[in-house]
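J.: Here is what each chain is made of, one letter per residue.
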Amino acid sequence: MSEDRREEKEYFFDHPRNVKAVAACCLVLLVILLVAEFFIHKHAHFPWEDWPEFYAVFGFVAFVFVVLVAKYILRPIVERREDYYD
Amino acid sequence: MISTVPPAAVLIAGGLLVPLIKGKWKSAFMLLVPVIGFINLIHIPEGAHFVFTVFGQDIIFARVDKMSLLFGYVYHIIAFTSMLYALHVRDDLQHVTGLVYAGSALGVVFAGDLLSLFLFWEMLTICSVLLIWSRRRTQSIRAGYRYLLVHAVGGLVLLAGIVIHLKQTGSIAFGHLGLNGTASLLIFLGFGINSAWPIFHAWLPDAYPEATPTGTVFLSVYTTKTAVYTLARGFAGTEILIWIGAIMTVFPVFFAVIENNLRRVLSYSLINQVGYMVCGIGVGTQMAINGAVSHVFAHCIYKALLFMSMGAVLHRTGKINCTALGGLYRTMPFTATCCIIAAASISGFPLLSGFVTKSMTITAVGNHHMVVVWFLLMFASVGVLEHAGIKVPYFAFFGHDSGMRPKEAPLNMRFAMGIAAFLCIAIGLYPYPLYDLLPYPVVDFAPYTGAHVVGMAQLLLFAAAAFVLLMLAGVYPPEKRCVNLDVDWFYRMGGRLFYYIADKVFNGINGVSDRLIARGLPKVLGQLSRRLPEILTLGTLLPLWTAAGTKGEALQRKIVKTRAALETGTAPVGISAAVATIFLVLLFLMM
Chain U
1 MSEDRREEKE YFFDHPRNVK AVAACCLVLL VILLVAEFFI HKHAHFPWED WPEFYAVFGF
61 VAFVFVVLVA KYILRPIVER REDYYD
Chain V
87 MISTVPPAAV LIAGGLLVPL IKGKWKSAFM LLVPVIGFIN LIHIPEGAHF VFTVFGQDII
147 FARVDKMSLL FGYVYHIIAF TSMLYALHVR DDLQHVTGLV YAGSALGVVF AGDLLSLFLF
207 WEMLTICSVL LIWSRRRTQS IRAGYRYLLV HAVGGLVLLA GIVIHLKQTG SIAFGHLGLN
267 GTASLLIFLG FGINSAWPIF HAWLPDAYPE ATPTGTVFLS VYTTKTAVYT LARGFAGTEI
327 LIWIGAIMTV FPVFFAVIEN NLRRVLSYSL INQVGYMVCG IGVGTQMAIN GAVSHVFAHC
387 IYKALLFMSM GAVLHRTGKI NCTALGGLYR TMPFTATCCI IAAASISGFP LLSGFVTKSM
447 TITAVGNHHM VVVWFLLMFA SVGVLEHAGI KVPYFAFFGH DSGMRPKEAP LNMRFAMGIA
507 AFLCIAIGLY PYPLYDLLPY PVVDFAPYTG AHVVGMAQLL LFAAAAFVLL MLAGVYPPEK
567 RCVNLDVDWF YRMGGRLFYY IADKVFNGIN GVSDRLIARG LPKVLGQLSR RLPEILTLGT
627 LLPLWTAAGT KGEALQRKIV KTRAALETGT APVGISAAVA TIFLVLLFLM M
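First to last, the protein sequences are chains U and V.
In this text, residue positions in the first sequence follow the working numbering: the first is 1, and each later residue adds one.
In this text, residue positions in the second sequence follow the working numbering: the first is 87, and each later residue adds one.
Watch out, some of these pointers could steer you wrong.
Unchecked claim - Facing chain V, a subset of chain U residues (Cβ under 10 angstroms, in silico):
| # | residue |
| --- | --- |
| 1 | PHE13 |
| 2 | ARG17 |
| 3 | ALA44 |
| 4 | TYR55 |
| 5 | VAL66 |
| 6 | VAL67 |
| 7 | ALA70 |
| 8 | TYR72 |
| 9 | LEU74 |
To be verified - Beta-carbon label-pair distances, calculated as ranges:
| # | chain 1 | residue 1 | chain 2 | residue 2 | range |
| --- | --- | --- | --- | --- | --- |
| 10 | U | ALA24 | V | TRP575 | 45 to 55 angstroms |
| 11 | V | ILE511 | U | ILE32 | 49 to 59 angstroms |
| 12 | U | ASN18 | V | ILE511 | 23 to 33 angstroms |
| 13 | V | HIS455 | U | TYR72 | 55 to 65 angstroms |
If you're looking for bench data, these hints aren't it; they were derived computationally from the structure.
All C-beta atoms, glycine included, are put in the ideal place defined by N, C-alpha and C.
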């Protein structure tokens, strides 16, 4: 197996360089989005949609909230052994 | 003018013919059936056709209008791509049920009356159970039975509603019903069970992951979306649907985060997506209905594509759990790309199909200034990104390297995924042909405004950034081999409790009966029949002997002798006759 591995061809994300490049592109995109907001015309339904970077903050916070609630509240309640129903 | 048949007929008849065709023509035939169905459909003019009058009621097999046509189109597209996807499968049962299932869904969508709707509704249930059972594993058989039980109940609730409705109104025509009394409530609930409302939803994540890799693609489309259609037709603007839908979008998100089986993750995501549609139907404005049904169109395609990509992984590796997968992009790049396109579509990234449809529903909610619902839907959008947008592609194709180097998906699967992926992009880039198909004209809504695009992109990309940070910080919950309880616990364990109680009560009665009657009574009777002559004889003779003065040793000897004589059946005739006479005399005197 280890011999196979050595001979195996390298794939895209096996190079840390490629991973870094993708990450850098994403970071640039995030910054562009933050800046772009100030150059667009908003037609908000709600006042908070006009707050600067509302969507960015909401997305970030909501994601962290989902993960934390699922991990620390839901999982302890509903998790059972894999053969629970057998 | 081509002469046409009811839309459901082509797929059902075609499906039933599949086993009769052998050899290389079989595949061609299977692909041809949905194509012929589509050609048939576009030649039926709008209006009510194929009307049969039975007992004074009109049975309408083709009520063709913009709403039913939109569902009809996408159902044919999915039937074709799913058939292509399943072409390598050598199991006629799956092909037949797949096509008949799609045909039944068309039957419901084009039904203009509640009776034919109900018949096709039940056919949907039967076909989906067969698709689940086709995997032929113990878990699948059990999950299929549970699915059948839930949908049998749902079907009966619907039937009860239809019967009461017929009794009250004297008509079985299916139009807008609205919530107004027992009949409509029962019909509402019947539709709700099939559209996986909260509490009634557990059949979906329970059963869909247990079906075959190809069967789940069919399942992911027809049952729930057909229920959405019936809600849109019968209950548009029913306010409670807004809340049911909003809750549906939110709660599966949490379950999906901690779920290990990726097809179960997609099942929860399915409930979440149907939530947007149900919510839009509840709002009931023209824009909201447009949003809901356009979302059906886009959703059918990207959800099928997600299940296709996971089906390909399951087909090639035999595994579907996050804990067992990872790093498959190396040898399955095409499947991985398609999965990412579907994942980005469902998340609502600009330029893809989810963006141009989901935002219509959210805008409709915004137009009505429903603050809480709006926040729930936005929150759920982040949730979709979490489980369907990131988790599914990441844990299957990237993440830790599982060491598996499976072959790329079979050619037919790749073609099917390619078609679906193309449609996701095409609808996203140029949604106007889809908008033209919607029931109402699309006015006052443009998907690609700067605010929409930047807002949605910010929301999604910063949520994705949160994922990266949580992963790097080690906070993201590790994948675990486990089951997570859901509402199905109540009927799975309830079933066991019922079994336990039935076991104790009925087997208890059985045990007591066995002890007392089966084993106790014969023993008593046997002894009695053996001892009865002796008791009667000695009982009669003893007073006589004592009266005759026999005592002590002599009396004992007489008793022993008589007992022995009775046991061996050698009693002198005289004694028997005397005893019988005395017995008769006593009997006579007592009377």
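J.: For the hint on VAL67/U, does the least C-beta distance to chain V fall short of 10 angstroms?
T.: The hint holds - VAL67/U has a Cβ within 10 angstroms of chain V, the shortest such distance being about 6 angstroms.
J.: Would the hint on ALA70/U be counted as holding, given a Cβ-Cβ threshold of 10 angstroms to chain V?
T.: Given a least distance of 4 angstroms, the restraint on ALA70/U holds.
J.: Would the hint on ALA44/U stand, with a C-beta cut-off of 10 angstroms toward chain V?
T.: 8 angstroms, holds
J.: Does VAL66/U hold up as a contact with chain V if the rule is Cβ-Cβ below 10 angstroms?
T.: 5 angstroms, holds
J.: Do ASN18/U and ILE511/V keep their Cβ atoms within the hinted range of 23 to 33 angstroms?
T.: 24 angstroms, holds
J.: Using the Cβ atoms, figure out if HIS455/V sits within 55 to 65 angstroms of TYR72/U.
T.: Check failed, 34 angstroms falls outside 55 to 65 angstroms.
J.: So, PHE13/U near chain V? Judge it on the closest CB pair being under 10 angstroms.
T.: Check passed: Cβ of PHE13/U comes within 7 angstroms of chain V, closer than 10 angstroms.
J.: So, as I understand it, the hint says ARG17/U touches chain V; can you test that by seeing if any CB pair is closer than 10 angstroms?
T.: Check failed: Cβ of ARG17/U comes no nearer than 17 angstroms to chain V, outside 10 angstroms.
J.: Given a hint of 49 to 59 angstroms, does the C-beta separation of ILE511/V and ILE32/U actually sit inside it?
T.: 22 angstroms, violated
J.: Holds or violated: is the Cβ of TYR72/U closer than 10 angstroms to a Cβ in chain V?
T.: Holds, about 9 angstroms.
J.: Tell me if the interface restraint on TYR55/U is satisfied: Cβ within less than 10 angstroms of some Cβ in chain V.
T.: Holds. Min distance 4 angstroms.
J.: Holds or violated: the hint that LEU74/U contacts chain V, with Cβ atoms closer than 10 angstroms.
T.: At 5 angstroms from the nearest chain V Cβ, LEU74/U passes the 10 angstroms test, so the hint holds.
The structure is inconsistent with the numbered hints 2, 11, 13, although it conforms to all the rest.
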